[in-house]
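So you can see what is in the structure, the chains are spelled out below.
Protein chains: 2
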Amino acid sequence: MKQQSRKIFISSLALIFGGLATKASSIHTMTNEQLIHHVFFWLKNPDSKEDLEKLLEGLRTLSKIETVRKIHIGVPATTEKRDVVESSYAASELLFFEDLAGQKTYQDHPVHQAFVKNCSHLWEKVVVYDVVDV
Amino acid sequence: MKQQSRKIFISSLALIFGGLATKASSIHTMTNEQLIHHVFFWLKNPDSKEDLEKLLEGLRTLSKIETVRKIHIGVPATTEKRDVVESSYAASELLFFEDLAGQKTYQDHPVHQAFVKNCSHLWEKVVVYDVVDV
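These protein sequence lines are chains A and B, in that order.
Be aware that the first sequence starts at 25, since it is given in the numbering used here, and climbs by one per residue.
Be aware that the second sequence starts at 25, since it is given in the numbering used here, and climbs by one per residue.
For reference, chain A alone in the conformation it holds in the complex:
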């Protein structure tokens, strides 16, 4: 009977600590580490629809990289023009990674390297924002 109580006690401890570990890992992934990588591109030929299409096509290949959790490829919206709104860029690439390591894998990935090699002649300026959720 005593041994059975000990077994129950040990099983309970395992359940409690197992639960806490899962919870901690889940909070970690959800809030502390998720990385948002937002890149804005300005074209050398801002009026060239062909260059824009080539750039957008190149950006879409980035979804193949396994650490990219979500991808949004876009262009400036037709929201109200205000002094604070920056709308002179040509294309936007918004990527979500699980963590910093996922972003590093992406930077070094052959698909990303090919994109830079094939498309960097199209752009004049790039601005990158890397954000972590708080």
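Don't read these hints as lab results, they were simulated from the structure.
A couple of the hints might just be wrong.
The list treats identical chains as interchangeable, and a pair is accepted whether it falls inside one copy or across any two copies.
The list that follows gives simulated cross-link-like pairs (lysine to aspartate or glutamate, EDC-like), each with its CA atoms no further than 20 Å apart [stated by the list, open to error]:
id : residue 1 : residue 2
1  : Lys128    : Glu110
2  : Lys94     : Glu74
3  : Lys94     : Glu57
4  : Lys105    : Asp157
5  : Lys94     : Asp75
6  : Lys149    : Glu74
7  : Lys78     : Asp123
For chain A, the structure is supplied; the task is to place chain B on it using the hints.
Relative to chain A, chain B alone:
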């Protein structure tokens, strides 16, 4: 029998066009109209943790606005420093709206207005990017 065939024909048409309408509406919502609103804030006192906390607290209230589909409040990540990476901002607000109208509702919403009233003394500069998925 002839009338029954006609009924079946009309029902089939309804099914086909109903399906197409649903598909078109779904594509529309998913790709043509979704609006990404990304705002970066630079503080007047960039070294003040208190001011940053106040700003982050204010930004979190924006989730109450009914047209905000997703919200991410963040700070600069500790990714590799590169010339193209802009990491001098203090806070980032990334919002997803279903469409342009959702963003307009947000701009005029009392919760947004209260945030601007209560927090705008904290920041020196704001840069806004409004993006539509393509």
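Inset, instruction - Go through the copies and call it for Lys149 and Glu74: within, between, both or neither, with a Cα cutoff of 20 Å. - result: within (18 Å within a copy, 34 Å between copies)
Inset, instruction - Since the copies are identical, ignore which copy is meant and state whether Lys94 and Asp75 lie within 20 Å (CA to CA) inside a copy, between copies, both or neither. - result: Neither way: Lys94 and Asp75 sit 24 Å apart in one copy and 31 Å across, limit 20 Å.
Inset, instruction - Give the relationship of Lys78 and Asp123 under a CA distance limit of 20 Å: within one copy only, between copies only, both, or neither. - result: neither (29 Å within a copy, 26 Å between copies)
Inset, instruction - Measure nothing new, just compare the shortest in-copy and cross-copy C-alpha distances for Lys94 and Glu74 to 20 Å and report within, between, both or neither. - result: Neither. Shortest intra-copy (26 Å) and inter-copy (33 Å) distances fail the 20 Å Cα cut-off.
Legend entry - Alpha-carbon proximity context of Lys128 and Glu110, limit 20 Å: For Lys128 and Glu110, only the inter-copy Cα distance (17 Å) is at most 20 Å; the intra-copy one is 28 Å.
Legend entry - Intra- versus inter-copy proximity for Glu57 and Lys94 (alpha-carbon distance at most 20 Å): For Lys94 and Glu57, the Cα distance is within 20 Å both inside one copy (15 Å) and across copies (18 Å).
Inset, instruction - Evaluate Lys105 and Asp157 at a C-alpha cut-off of 20 Å and name the case that applies: within, between, both or neither. - result: For Lys105 and Asp157, only the inter-copy Cα distance (19 Å) is at most 20 Å; the intra-copy one is 28 Å.
Comparing the model with each numbered hint stated earlier shows that hints 2, 5, 7 do not hold.
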